[in-house]
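Residue numbers (full-length UniProt numbering), protein chains in the order written: chain U, 1 to 463; chain E, 1 to 290; chain V, 1 to 298.
Just to be clear, a hint being listed does not mean it is correct.
Derived DSSO-like pairs (lysine-lysine); straight-line CA-CA distance at most 30 Å [unchecked claim]:
1) E:Lys112 x V:Lys9
2) E:Lys199 x V:Lys9
3) U:Lys192 x U:Lys396
4) U:Lys450 x U:Lys435
5) U:Lys263 x E:Lys43
6) V:Lys159 x U:Lys258
7) U:Lys122 x U:Lys243
8) U:Lys243 x U:Lys279
9) U:Lys263 x V:Lys159
10) U:Lys61 x U:Lys92
11) U:Lys43 x U:Lys131
12) U:Lys396 x E:Lys43
13) V:Lys9 x E:Lys111
14) U:Lys300 x E:Lys43
15) E:Lys58 x U:Lys61
16) U:Lys119 x U:Lys73
17) U:Lys281 x U:Lys308
18) V:Lys48 x U:Lys450
19) V:Lys48 x U:Lys153
20) U:Lys281 x V:Lys159
21) U:Lys253 x V:Lys159
22) E:Lys58 x U:Lys171
23) V:Lys9 x U:Lys121
24) U:Lys171 x E:Lys43
25) U:Lys279 x E:Lys112
26) E:Lys111 x V:Lys8
27) U:Lys450 x V:Lys62
28) V:Lys159 x U:Lys435
29) E:Lys206 x V:Lys264
30) U:Lys243 x V:Lys264
31) U:Lys119 x V:Lys48
32) U:Lys122 x V:Lys264
33) U:Lys153 x V:Lys264
34) U:Lys171 x U:Lys44
35) U:Lys344 x U:Lys281
36) U:Lys138 x U:Lys344
37) U:Lys344 x V:Lys9
If you are wondering where the hints come from, they were derived from the structure by calculation, not from laboratory data.
In case you want the letters, here they are:
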Amino acid sequence: MKRILAMVLSVLMAASVFTACGSSKSAATESKSDTPSAAAAGKKVSLDVVTSYGGDDGNRKNYEAAVKAWEQKTGNTIRDSSGTGNEDWKVKVMNSFEVGSEPDVLFFFNGADSNKLVKNKKVVSIDEIRKQYPDYAKNMREDMLGASPVDGKNYSIPVNGYWESMFVNTKVLKDCGITVPMVGYTYDQFLKDCEIIKNKGYTPIAASLAEVPNYWFEFLAYNYMSPTTFNTMPQSITDDAGKAWINGLNDLKELFEKGYFPKNTNSTTDADTNNLMAKNKAAFMIDGSWKVGWFEENMKEDMDGDGKPDIENIDVVFPPVKGSTRASTDYIGGISMGYFITTKAWNNPEKRDACVDFVSHMTQDDVVSTFCAAGSISALKNGVISPSTASPLVKKVNEMNKKVTGISAAVEDLMDNKSVRTPFFADVKNMVTGKLDITKAVGNVIAAQKAFQAQTSNSSEAS
Amino acid sequence: MTALSKRKSPVSVSKIIVYLVLIVWSLTTIYPFIWVIMNSFKKNAYIQQSSFTLPVGKRFTMQNFQTAFERIDIGSAYLNSLLISIAVTILVIILAGLSAFALARYQFRGKKILESLIVASMMFPVFATIIPVFRMEYRWGIVNNDNNLISLLSVILPQVAGNLSFAIIVLRGYIQGLPIELEESAFLEGCNVVQIFTKIILPVAKPSFATVSIFTFLWSYNDLFTQMFFLDRPGTRTITLLLSQITSQAGTNYGFMNASVILVVIPVLIIYILLQKNIIKGMTIGAVKG
Amino acid sequence: MNAMIYRKKGALFLFLIPSLLFMAVFLYYPFVMNVINSFLHITALGDKALGVNQPWYENYVKLFQDPLMGVAMKNTFLMILLTIVFQVGIALVLALLVDNIRFGTQFFRTAFFFPIVISASALGLMFNLVFLYDGGMINQLLQAIHLQQADLPIDWKDKSHALATMFIPVCWQYVGFYFVILATGLNNISQELYEAAEIDGATKMQRIGCITLPLLRNTLCTCLVLAITGALKVFDLPWVMFPSGMPMDTTWLTGTYMYQQAWKLGDVDYSSTIAIAIVVLGVVLSQAASRIFKEKEY
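Can you build the whole structure from these sequences, using the hints too?
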């Protein structure tokens with residue numbers, strides 16, 4: 001059952017990417033038809049809202065503009081307490097529910113992170129909301145709303161999603177006499193290229209195994225799986241996922257042993273290795289849609305003296321493929337956060353209307369489109385409205401997204417963040433250096449995840 | 001007559017060595033600051049490549065500061081920071097001053113235990129105590145209160161508690177070192193204990209109070225963690241908090257980070273220089289007394 | 001005489017109670033919660049306990065068996081030692097030197113204080129640039145004077161250099177802190193004592209040894225206690241420079257390891273246990289220090 005579900009999901013997601021990047025015709029008309037019962041008559045209310053669009057989020061300005069537009073339209077006020085979506089922020093959000101100081105509207109992770117909110121009925125399901133507001137979230141694809149792992153029901157409405165793929169520095173490749181990888185780039189060719197790049201004195205792969213080995217792990221394990229099967233946690237070290245993880249980690253170890261990672265990969269930070277790409281010192285880097293803005297910000301100068309801004313050295317391609325289970329054009333992507341309405345606000349008759357109206361406003365087509373401008377996917381039925389001016393890198397991203405044939409969500413999002421994912425990725429450095437046996441490490445993950453599930457899911461699992 | 005001018009010593013080799021040592025150490029402490037200033041005016045791309053050059057020509061930019069001013073309501077952020085830190089400092093020196101005086105001069109049962117407790121409380125890392133404190137303050141209704149000033153109080157109170165033990169220990173050490181004769185003569189003139197504290201101890205221990213104020217102010221001002229946890233509402237955010245928030249995701253935008261450091265440090269430097277004068281005043285009093 | 005002034009204990013309570021109330025509510029109450037939590041099973045900071053540990057003292061056993069806690073302990077002891085020797089030591093030398101000069105005292109006082117003004121996290125970022133592998137300040141410098149080949153930079157954060165790279169900035173930053181405290185203490189020493197000693201023909205060294213240091217004893221003892229407690233709590237700088245015990249789990253300190261357990265791994269009960277260990281260690285060590293430096297009553 002799960003597999004069929006996953007398969008359907010990934011096909012639909014792939015389809016949505018096409019629509020996301022193709023120009024959508026009906027979007028403009030759709031966005032005009034306004035969302036449910038606009039501003040409740042009478043009293044003006046003030047809503048407490050928490051999102052992860054505070055701090056330096058790439059969409060902070062879009063978020064603030066959208067909030068302001070709503071305030072002007074309705075005369076209500078938003079008391080915004082948004083922060084940066086990191087671990088401390090998550091703890092604070094969960095803590096606010098625990099002591100009863102939760103916000104009215106919350107933009108939060110829809111995966112395992114929100115399990116407790118769902119289980120303790122702290123947030124309202126979309127079904128429940130639709131009993132009173134039938135049009136709620138009707139502009140979104142049901143299957144992409146991001147159902148809760150607890151009961152398979154939808155609780156949140158997403159905005160912008162993510163993808164993971166490989167950035168390449170074309171200047172480095174050119175200097176080594178290597179052509180930019182194209183669809184069908186094989187792992188063997190990748191190894192040969194790495195050897196040449198290394199001998200030329202460059203770093204083949206910009207990654208910190210000490211801090212963020214996540215993306216390389218994902219794709220190397222993905223090579224032994226397919227978009228329909230990849231998004232499952234292994235149940236034992238001998239099942240498909242378990243074997244794929246072990247094989248993938250062994251490939252990672254091999255890349256490390258061959259010296260394709262930076263010399264200091266076990267003692268450096270992610271930020272420093274990113275810099276290797278920006279400074280034209282490394283060739284390959286697997287990362288996500290959120291890095292597009294970073295490259296544009298950090299490579300706008302012409303430091304290599306070729307008369308063009310350095311950002312033109314960056315291209316984005318599909319990671320090398322090994323074997324045949326994953327197609328070269330399959331990548332990782334999904335939508336991991338969405339707007340929740342809390343039970344506390346829902347049960348407050350003064351706020352109910354306003355909450356629904358606010359979330360509808362923040363998730364209407366043209367607002368979502370502004371959030372997706374840097375080439376990220378959305379759950380909109382009509383796709384995003386293409387931005388009129390896309391930067392060169394975003395154009396390259398759009399080119400890649402057009403070719404996608406299959407998408408799987410990142411498998412790391414299935415792991416419990418604290419008791420499973422963090423210790424697992426912290427151990428990658430020990431695996432590649434041989435301090436920890438890879439099979440044993442994968443066994444540890446399986447055990448830890450099972451312990452986590454036993455502890456949190458007392459209710460029946462979603463089929 | 002200051003203490004310093006009494007000593008007469010000819011220019012000697014030892015003097016030169018003394019100055020040399022002092023100058024070398026001050027170079028290590030000042031240079032980073034200059035480096036930060038220099039790089040705050042530099043385009044990010046050039047910082048790692050040539051961080052030791054002057055920000056001139058194509059390297060120069062005002063963009064880093066511009067971003068900060070665009071993104072932050074600097075005036076209200078400074079105001080919030082100063083309100084918190086000044087309130088914390090004043091409360092700490094009053095409360096700690098009284099307690100330090102009591103511990104330095106009184107003998108009573110359980111004093112040793114009390115002292116150990118105070119030392120122990122210095123050891124509590126703030127991230128170990130913050131959750132129970134948050135829950136407690138939430139029950140009191142002062143976290144994210146509609147009134148911004150009350151919200152600020154939710155940071156002030158735990159910060160006062162966190163700085164008290166340090167202040168008590170330093171002040172007690174100083175007061176204990178004061179000769180008791182002054183207090184004795186005041187007592188004979190009919191002063192009560194409270195008067196002794198305000199008329200004798202406070203003025204004489206002024207340098208020590210100034211020292212404690214500086215550190216308390218600094219720690220309160222730079223204590224990102226507590227501020228991060230309690231101050232959510234836009235109207236209550238402090239300068240340290242806001243700048244760190246917008247730099248945290250900048251990753252390697254070193255230029256902007258340096259500009260943030262400068263903006264955060266400016267008020268602290270001003271206050272330090274003001275209190276520094278106070279220390280000198282305290283010193284002269286000390287000399288007269290001696 | 002002393003006894004006469006301070007015999008009436010009435011005012012004592014007035015003096016002590018406000019501070020104690022503050023500490024009780026904001027420090028001891030959470031600490032007691034910590035003690036309770038160390039026996040429970042809690043997986044997220046905002047959550048209620050899921051039950052009592054099996055066996056209830058599980059965390060305390062773990063504390064002694066956890067190899068990373070061993071690393072953290074070892075590094076923290078080293079930190080304490082280095083703090084006392086270098087931070088307080090250098091601060092004392094500098095304070096004595098500044099006390100002996102006429103020109104520029106004000107300048108040096110301000111200068112030495114600079115590193116404390118800048119928040120530790122900002123300093124951490126700066127030192128990251130100083131020790132950077134690729135194009136950092138030190139490697140650039142070494143290459144400029146041909147002590148290092150351009151294609152063979154030293155990785156200052158690898159296993160063999162990491163501890164030194166971590167300890168140097170931490171020690172350096174807080175020298176100014178102890179300097180200010182000691183300098184304040186030195187000013188409190190009566191000038192007449194020096195003059196009397198000078199008339200008696202004592203050399204400068206003798207004056208320092210026989211007058212300054214003994215009279216500075218209380219202040220030094222304070223510094224020692226502060227150094228021990230400070231070293232146990234060091235957090236920001238190492239965390240910014242060496243997140244998650246990098247490289248290869250060699251740079252853990254008790255503070256950073258506790259933070260990792262509570263905020264990154266969600267093992268709240270174990271992190272509470274580490275917090276207790278930190279406090280107990282701090283009290284024992286600082287008590288020992290006070291004993292050794294037994295304070296003189298005047």
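Take a quick look at whether Lys58 (chain E) and Lys171 (chain U) sit within 30 Å of each other, Cα to Cα. 23 Å, holds
Hint consistency between Lys279 (chain U) and Lys112 (chain E) [alpha-carbon to alpha-carbon, up to 30 Å]: Violated, at roughly 60 Å.
Tell me if the straight-line CA distance from Lys281 (chain U) to Lys308 (chain U) falls inside 30 Å. 17 Å, holds
Are the Cα positions of Lys192 (chain U) and Lys396 (chain U) separated by 30 Å at most? 25 Å, holds
Holds or violated: Lys112 (chain E) to Lys9 (chain V), with C-alpha atoms at most 30 Å apart: At roughly 16 Å apart (the allowed maximum being 30 Å), Lys9 (chain V) and Lys112 (chain E) satisfy the hint.
Compare the distance between the alpha carbons of Lys263 (chain U) and Lys43 (chain E) with 30 Å, and conclude whether the hinted pair is satisfied. Given that 30 Å is the threshold and the Cα spacing comes to 28 Å, the pair holds.
Quick one, are Lys344 (chain U) and Lys9 (chain V) close enough, alpha carbons at most 30 Å? 53 Å, violated
Take the C-alpha atoms of Lys171 (chain U) and Lys43 (chain E), compute the straight-line distance between them, and say whether it is at most 30 Å. 22 Å, holds
Is Lys300 (chain U) within 30 Å of Lys43 (chain E), Cα to Cα? Holds - the C-alpha atoms of Lys43 (chain E) and Lys300 (chain U) are around 10 Å apart, at most 30 Å.
Assess, step by step, whether the Cα of Lys153 (chain U) is no farther than 30 Å from the Cα of Lys264 (chain V), and give holds or violated. 28 Å, holds
Restraint check for Lys263 (chain U) with Lys159 (chain V), where alpha carbons must lie at most 30 Å apart: 13 Å, holds
Lys243 (chain U) and Lys279 (chain U) were given as a pair; does the straight-line alpha-carbon distance stay at or below 30 Å? 37 Å, violated
In this structure, the hints that do not hold are numbers 7, 8, 16, 23, 25, 29, 34, 35, 37, in rising order.
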